[in-house]
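Trainee: Spelled out, the chains give:
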Amino acid sequence: MDSLERERRELNTMLRRPGERPDSSVRIDRRTFIHKSILCGTAAGAASFGWFPLLNTLDVAYGAETFKFAWISDNHLYPKDVNTRFVEKAVRAVEEVQAMTPPADFLIHGGDIAQLGDPVEIALGSDILKEAKIRKVFIPGEHDWYLDMGATWRKHFGDPNWTFDHKGVRFIGLDTVSRAPDYWSARKMSPKERMGAMATLDGSIGGPWAGVGSDQLQWLNHTLSSWPKDRPVIVFSHNPLYEYYPPWNFWVRDWREVQEILRPYTNVTNVHGHTHQVLYNEIGKMRSIGMLATSWPWPYAPEGVPDLTKCMVRADPGDYFDGMGWARLTVTAAERVQNEYMMFGRKPQNVFGEALADSGCADNVNQELHPRIADRGWYSKD
Amino acid sequence: MTRRVLVIVGICVAVLLGVTVGTHRALAHKERHTPEQLKIFDEVFLEQVRIGDLLFHGDGETEKKMGVSLSKTGMACAMCHPFASDTHPYEFPKFQEQIEKFGTLRDMINWCIEKPQEGVRIDADSDAMKALEAYVYWANRGSRLDPGRH
Ligand SMILES: [Fe+2]
Ligand SMILES: [Fe+2]
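So the protein sequences, as listed, match chains A and B. Residue numbering for the first sequence is 1 to 382, as defined by the numbering used here. Residue numbering for the second sequence is 383 to 532, as defined by the numbering used here.
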């Protein structure tokens, strides 16, 4: 994968210049540090980004008062009669959010509420979320969008991108899914076929569909221009806003432009879905936290995880709640944002894979993977 | 291995093949392979990989054609295993925790069909199983053999 390698090198030279780190006021909480070399039994790789957070604890300056918000995403609901387990897990996450005391200020739904964009699936998700009585905001996932190009999703949840200020933090919701280059017209695909291609993570037909798009980049730039450069910004997106693993769209294709816009801001946290796994990275001055799904966990990218990521535990596939969940984020008056992965049925200390045999990354030291064969040369049936 | 050991191993393999495969296929390896022959071998293999890839990704038409029903939940193998990731075919046979016994990749494929996917298990020697196995191995080619690893 030469282009991937090139991309990765470029990301490192562009955004990982010596000394380029998030603002020093955005400190990782030292009490939660664990050294990666201890976990992996090796000192290699610890040189540049030696320390990383257990609970993704980071400081946010100017937070006026303590508040919490919750994240749920990637429910991938089928109609009830096809799959009840996915419904159970979405319901459980919503119930747990609703049970928070004190209640969360708001719930962000990070996309992929449906599996195949079916109006029945989206309506089901919308109904389940109604059980959370707090304020809710929504961004779309690719599974919500490509049957009717977002028509049903918009009807239920409104605009796919937005911004609001809350207790000293500027929140921004980005739509990273709706601007796929047209792969369907030339192939004469039906809406269902278009959705099917999009719903296959390791398929090549959808291509590099994840992106912010020039119009939304302009909007982002404009939205941020009125905000002081050193004050906290939290950006929600379905896909990570950097290059992690393009073949599965664990990125946005215009990450360069996104980072260019964010670069002057010293206190940016990106919270994203889509990767269905514990993930943490620092890119330039931005911190990035990946969220759990309620449906199923994706494996870590074959090429490895960001150095700063402490890998999640290997999920037990015999327990359909394991490895999944939601997240509780706290912005404290002590100018700190904490992320807690609320993994169903697991104590916080069992969310991460400590021993080699339990780690979702160390498990794959012998693995070499290759892209598919059966979706090459997709052609129209007529 | 020394050259001599290699020769002895080679003779043993040849004898074994002769005994088990019988005389009607005794011509294999007697003459140099032609590029055409090798191409055919490759095509036979890759066709199974392709079928396995389709089954692995929940292709309904292929399931129907092969008379199997791998999932009732909408789940397909590839949902948890994109690019056949985390299938670890190179670790089998091993003690498999989920089924609480020493097992093979085929055992685990059937476990996934029956548990997460709530489908109907397939015969361990069926065409569908061989195709699934072909795809999983092919996608993991180059991985390091490490049988027994948990
Ligand atoms: Fe998802
Ligand atoms: Fe997604």
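These are computed hints drawn from the structure, not numbers from a lab. Glycine is no exception: its CB is placed at the ideal position from the N, C-alpha and C atoms. Errors might be hidden in some of the hints.
[Unchecked claim] The calculated label-pair distances, taken between Cβ atoms and stated as ranges, are:
1) Ala506(B) - Glu5(A): 24 to 30 Å
2) Ser451(B) - Asp316(A): 49 to 55 Å
3) Gly524(B) - Lys133(A): 21 to 27 Å
4) Val502(B) - His222(A): 18 to 24 Å
5) Arg523(B) - Gly304(A): 14 to 20 Å
6) Thr101(A) - Arg523(B): 35 to 41 Å
7) Asp505(B) - Asp316(A): 23 to 29 Å
8) Met149(A) - Thr486(B): 58 to 64 Å
[Said to hold, decoys possible] Just a sample of chain B residues kept apart from chain A, beta carbon distances all over 10 Å, derived:
9) Arg432
10) Asp468
11) Pro498
12) Gly524
13) Leu527
Trainee: Now look at each hint and say whether the structure bears it out.
Mentor: Hint check results:
no.	hint	in the structure
1	Ala506(B) - Glu5(A): 24 to 30 Å	40 Å, violated
2	Ser451(B) - Asp316(A): 49 to 55 Å	25 Å, violated
3	Gly524(B) - Lys133(A): 21 to 27 Å	52 Å, violated
4	Val502(B) - His222(A): 18 to 24 Å	56 Å, violated
5	Arg523(B) - Gly304(A): 14 to 20 Å	19 Å, holds
6	Thr101(A) - Arg523(B): 35 to 41 Å	53 Å, violated
7	Asp505(B) - Asp316(A): 23 to 29 Å	27 Å, holds
8	Met149(A) - Thr486(B): 58 to 64 Å	45 Å, violated
9	Arg432	5 Å, violated
10	Asp468	4 Å, violated
11	Pro498	6 Å, violated
12	Gly524	4 Å, violated
13	Leu527	8 Å, violated
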